[in-house]
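Going line by line, the protein sequences match chains A and B.
Heads up: the first sequence begins at 1 in full-length UniProt numbering, then just goes up one per residue.
Heads up: the second sequence begins at 1 in full-length UniProt numbering, then just goes up one per residue.
The set of hints was computed from the structure by calculation and includes no laboratory data.
Incorrect hints may have been included.
Which copy is meant is left open, because identical chains are indistinguishable; a pair holds if it fits in one copy or across any two.
[Claimed, not checked] Derived pair list, reagent style DMTMM-like, types lysine to aspartate or glutamate, alpha-carbon separation capped at 20 Å:
(1) K4 - E382
(2) K306 - E202
(3) K193 - D205
(4) K430 - D128
(5) K140 - E169
(6) K5 - D314
(7) K295 - E169
(8) K367 - E202
(9) K140 - E78
(10) K306 - D205
(11) K295 - E257
(12) K140 - E171
(13) K140 - D220
There are 2 protein chains.
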Amino acid sequence: MNGKKVVVVGAGPVGSLAALYAASRGAAVEVYELRSDLRNADTTPLNFTKSINLALSERGINALRSTGNNELLETVLEQTIPMHGRMIHTRSATGSLTEQSQLYDVHGRFQRSVDRGVLNGVLLNHLDSLPNVTLHFQHKMTGADFRKRRAWFEITDRTDSSHPNRPREIEVDFNLLIGADGAHSTTRYHMMKYARMNYHQEYIDCLWCEFTMPPTQSGDFAISPNHLHIWPAGSFMFIALPNLDKSFVCTLFGPVEMFVHLEDSPDAELVAFFDKHFPGVTNHIPPSDLIAQFKRNPHLPLINIKCSPHHFGDSVVILGDAANAMVPFYGQGMNAGMESVRVLFSKLDAIADRTAALASYTEERTKDAHVVADLALGNYIEMRSSVTSRLYKLRKYIEERLDKYVPSLGWATQYSRISFSNMRYSEVIKHSQRQKRILTAVLLAMAAAVFTGPAAALWLYVLRHSQHRRRILYLMIQEVKW
Amino acid sequence: MNGKKVVVVGAGPVGSLAALYAASRGAAVEVYELRSDLRNADTTPLNFTKSINLALSERGINALRSTGNNELLETVLEQTIPMHGRMIHTRSATGSLTEQSQLYDVHGRFQRSVDRGVLNGVLLNHLDSLPNVTLHFQHKMTGADFRKRRAWFEITDRTDSSHPNRPREIEVDFNLLIGADGAHSTTRYHMMKYARMNYHQEYIDCLWCEFTMPPTQSGDFAISPNHLHIWPAGSFMFIALPNLDKSFVCTLFGPVEMFVHLEDSPDAELVAFFDKHFPGVTNHIPPSDLIAQFKRNPHLPLINIKCSPHHFGDSVVILGDAANAMVPFYGQGMNAGMESVRVLFSKLDAIADRTAALASYTEERTKDAHVVADLALGNYIEMRSSVTSRLYKLRKYIEERLDKYVPSLGWATQYSRISFSNMRYSEVIKHSQRQKRILTAVLLAMAAAVFTGPAAALWLYVLRHSQHRRRILYLMIQEVKW
Chain A
1 MNGKKVVVVG
11 AGPVGSLAAL
21 YAASRGAAVE
31 VYELRSDLRN
41 ADTTPLNFTK
51 SINLALSERG
61 INALRSTGNN
71 ELLETVLEQT
81 IPMHGRMIHT
91 RSATGSLTEQ
101 SQLYDVHGRF
111 QRSVDRGVLN
121 GVLLNHLDSL
131 PNVTLHFQHK
141 MTGADFRKRR
151 AWFEITDRTD
161 SSHPNRPREI
171 EVDFNLLIGA
181 DGAHSTTRYH
191 MMKYARMNYH
201 QEYIDCLWCE
211 FTMPPTQSGD
221 FAISPNHLHI
231 WPAGSFMFIA
241 LPNLDKSFVC
251 TLFGPVEMFV
261 HLEDSPDAEL
271 VAFFDKHFPG
281 VTNHIPPSDL
291 IAQFKRNPHL
301 PLINIKCSPH
311 HFGDSVVILG
321 DAANAMVPFY
331 GQGMNAGMES
341 VRVLFSKLDA
351 IADRTAALAS
361 YTEERTKDAH
371 VVADLALGNY
381 IEMRSSVTSR
391 LYKLRKYIEE
401 RLDKYVPSLG
411 WATQYSRISF
421 SNMRYSEVIK
431 HSQRQKRILT
441 AVLLAMAAAV
451 FTGPAAALWL
461 YVLRHSQHRR
471 RILYLMIQEV
481 KW
Chain B
1 MNGKKVVVVG
11 AGPVGSLAAL
21 YAASRGAAVE
31 VYELRSDLRN
41 ADTTPLNFTK
51 SINLALSERG
61 INALRSTGNN
71 ELLETVLEQT
81 IPMHGRMIHT
91 RSATGSLTEQ
101 SQLYDVHGRF
111 QRSVDRGVLN
121 GVLLNHLDSL
131 PNVTLHFQHK
141 MTGADFRKRR
151 AWFEITDRTD
161 SSHPNRPREI
171 EVDFNLLIGA
181 DGAHSTTRYH
191 MMKYARMNYH
201 QEYIDCLWCE
211 FTMPPTQSGD
221 FAISPNHLHI
231 WPAGSFMFIA
241 LPNLDKSFVC
251 TLFGPVEMFV
261 HLEDSPDAEL
271 VAFFDKHFPG
281 VTNHIPPSDL
291 IAQFKRNPHL
301 PLINIKCSPH
311 HFGDSVVILG
321 DAANAMVPFY
331 GQGMNAGMES
341 VRVLFSKLDA
351 IADRTAALAS
361 YTEERTKDAH
371 VVADLALGNY
381 IEMRSSVTSR
391 LYKLRKYIEE
401 RLDKYVPSLG
411 WATQYSRISF
421 SNMRYSEVIK
431 HSQRQKRILT
441 AVLLAMAAAV
451 FTGPAAALWL
461 YVLRHSQHRR
471 RILYLMIQEV
481 KW
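Can you build the whole structure from these sequences, using the hints too?
Structure, rendered in structure tokens:
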């Protein structure tokens, strides 16, 4: 990398981090971003087109840590809010509001709520301070030749009257171009003309709309600040993540049909819908505000992207949403993108031949990217409904006890391996499948013993006297059904 | 359409035909094509990046016929060469060359070999003669806003010194934009920013390279002009289609690994490979020429594209390879594209609301497009190996006899329905599946009768005395194995 010219397309969190990695290896780095500098007060915020708040977890933190710049990591972490678990909001049979906290991790590890703009700003400020990095905003990629290593950018800022004769389009050459320009990546589009890329994109039947839950009149958080709040409702859900200004960024997720119904209904219907399915929300977001936000904020789709390869030759590689956009339900989109930066540079550090390094990156990362995209889709079902199932909770309980009290087993929940470890996603899924097979076998054996073995009498005794008998019975029935 | 402005992107056979359909309905049509006018002698031919010869069959012909312009249809048909069947080239056990003709259709219907440039030229000449059509070559689409109905094109012909002040980029507005700009469609790329498009593209493990088989020294066709010639060889094959100048355009298809092996081998290996697998070819393409062509002509990939929807709102629709590129093994790529034009305009004619017409088009056509893409993939296996199997030939024989002698059954081979009818692709596959179930059941019943019934003695007699006993036994074994 030393002395090489690296062009990074996209100055979001993933692109900025990639620029930082390249710069720390001595490359001459140029970053080109379609939008204006988000640090300028007059830049239209990304709000309502990209989600404002993100969950930063181990993989993202590890990618920051691996820059070796502790100060940078600390600056980011200082501006996050710990979320120790999910707070599940439901209404009890008697109609009262109930909140149930489910801790994320038996070892006390937690998610962090972070503002996309704050994280991005910290990274950009750091890039600004580096002599071998230049940032170019309002530069729209118009073309690229990945054999000749040239790319073209249109300068879209035509308001700069101090340079009336500035060229409209510039040509940029490079040794390596890193495309971190999002789900609708222009880099990927041009790369597809060179690489034989298998590419799949699918919109899932789910839209989302953001809401803001303001602080209370006394200026405090309206609900617990250290949780990711979920109102699960079967095929749809409402969630809330805390902000530093003591507001919450909330998101309504649901099938297209649900949105169409709400859009076509009178205003009162929206409020009734919230009161029915998301109990308590209108205590914190006044109905008139709720209606106004639903009308004002866009109703946006969710896309799932898988592709392979992620590179072409030794001249271009794509990262983050450009390579594997996923639905947001595992909170892994940005974390996976930042981890990709770490993995990419570990390959470039270890393998001298860049073509081989990029090929090795593609081989490892496409596999992991496909796994986490599928996990994210699966977690939609978990969040919007499974979290309330007794079987789900019992399984979580058993797995966490095994993790905590028999650490030699190496047992851990899938959630904790995804969110709080740096194990490859594809390895996580192997471990989870193995654990599931073992648990199921043990439970089936228990069920068999109950119904057939000499221990029947003992089991009957346990069932009669245990306070957990309903749980145990329920579990046995579920396992037998499988 | 009358008085509406229709912009067509891409002036290939499908785009040109779409322009013609729109023009005949009174639209003001503007066609924008990235490349130079292929009718100019100095335009680099598409040879070797797109296949030169195509099989024109009923769906393409019907789309031409439905313009109502018989003269145009006749002009095209006059410049085609009928191919009545496949000629299968193999080497017999004794090492001699054998040719076996398999007629395409029991009713005498046939495929037509047509030069892409000739067909395209006829359509363009006709468009030139229409007062409400303008053709714009060397115009590269750079962007589109499908809500505001505007598109931008860069004029890439900078050699025209008579217009030194001509703008570099023009803005074009439209009522409807039709994107027929190929597998790497720019229209589709921009449409994907508006429509929630599910999109899948996959490269299959097969490359292709074109060869020319010259006429004989006496100026005649080297092999039968009225066949599509196939040299099947298991996992790869060589084919040849006749040209009007009495040469053949030939194509080698094979797995990437095979190409890599041949590229890395000494020249003699290529000739030995051909002599082993494609017997007789080097009698017609001299070895030195074969080697030179293999080195000179590119080795190109094959892509399979499925997407949905094919339109956005009432402002844009994509057609042909842009919407469903398929592998060439059913000879349906261009025919399906031309059929799409016919179906599109039948919807626009029948449904006054254009949004509804385009939605109806997408609903019908995505289904058919997916079916024919899968059929084309499946036919690769048929062409390169099944054509030589006895079971395949027996099945074809039975189905064709049923079609010919018991027409009331409505029996027909899948091939004839695809190539010689206008039945929807999705209906064809339903009929084929039904026929396959019936044939299998009948043959199974026959097999059961042989082994268990009182007819056993009779069957044994037939088996002992029939000259087809090996066929019958082979068939029974195959059917039972299924």
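Now for the hints, and whether the structure bears them out:
For the identical chains of this complex, K4 and E382 are neighbours neither inside a copy (46 Å) nor across copies (51 Å), given an alpha-carbon limit of 20 Å. Proximity of K306 to E202 under the C-alpha cut-off of 20 Å is found in both arrangements, the shortest distances being 9 Å within a copy and 11 Å between copies. Taking the shortest Cα distances, K193 and D205 sit within 20 Å of each other only across copies (17 Å), while inside one copy they are farther apart (30 Å). Proximity of K430 to D128 under the C-alpha cut-off of 20 Å is found in neither arrangement, the shortest distances being 42 Å within a copy and 63 Å between copies.
When the C-alpha separation of K140 and E169 is checked against a cutoff of 20 Å, the pair qualifies both within a copy, at 9 Å, and between copies, at 16 Å. With identical chains, the CA atoms of K5 and D314 are at most 20 Å apart within one copy only, with a shortest distance of 13 Å there and 45 Å across copies. Proximity of K295 to E169 under the C-alpha cut-off of 20 Å is found in neither arrangement, the shortest distances being 38 Å within a copy and 38 Å between copies. Taking CA atoms no more than 20 Å apart as the test, K367 paired with E202 passes in both settings, with 18 Å inside one copy and 17 Å between copies.
Taking the shortest alpha-carbon separations for K140 and E78, neither the intra-copy value of 33 Å nor the inter-copy value of 49 Å comes in at or below 20 Å. Taking the shortest alpha-carbon separations for K306 and D205, both the intra-copy value of 17 Å and the inter-copy value of 19 Å come in at or below 20 Å. With identical chains, the CA atoms of K295 and E257 are at most 20 Å apart within one copy only, with a shortest distance of 16 Å there and 56 Å across copies. With identical chains, the CA atoms of K140 and E171 are at most 20 Å apart both within one copy (12 Å) and between copies (18 Å).
In this homomeric assembly, K140 and D220 never come within 20 Å of each other (Cα to Cα): the closest approach is 42 Å inside a single copy and 56 Å across copies.
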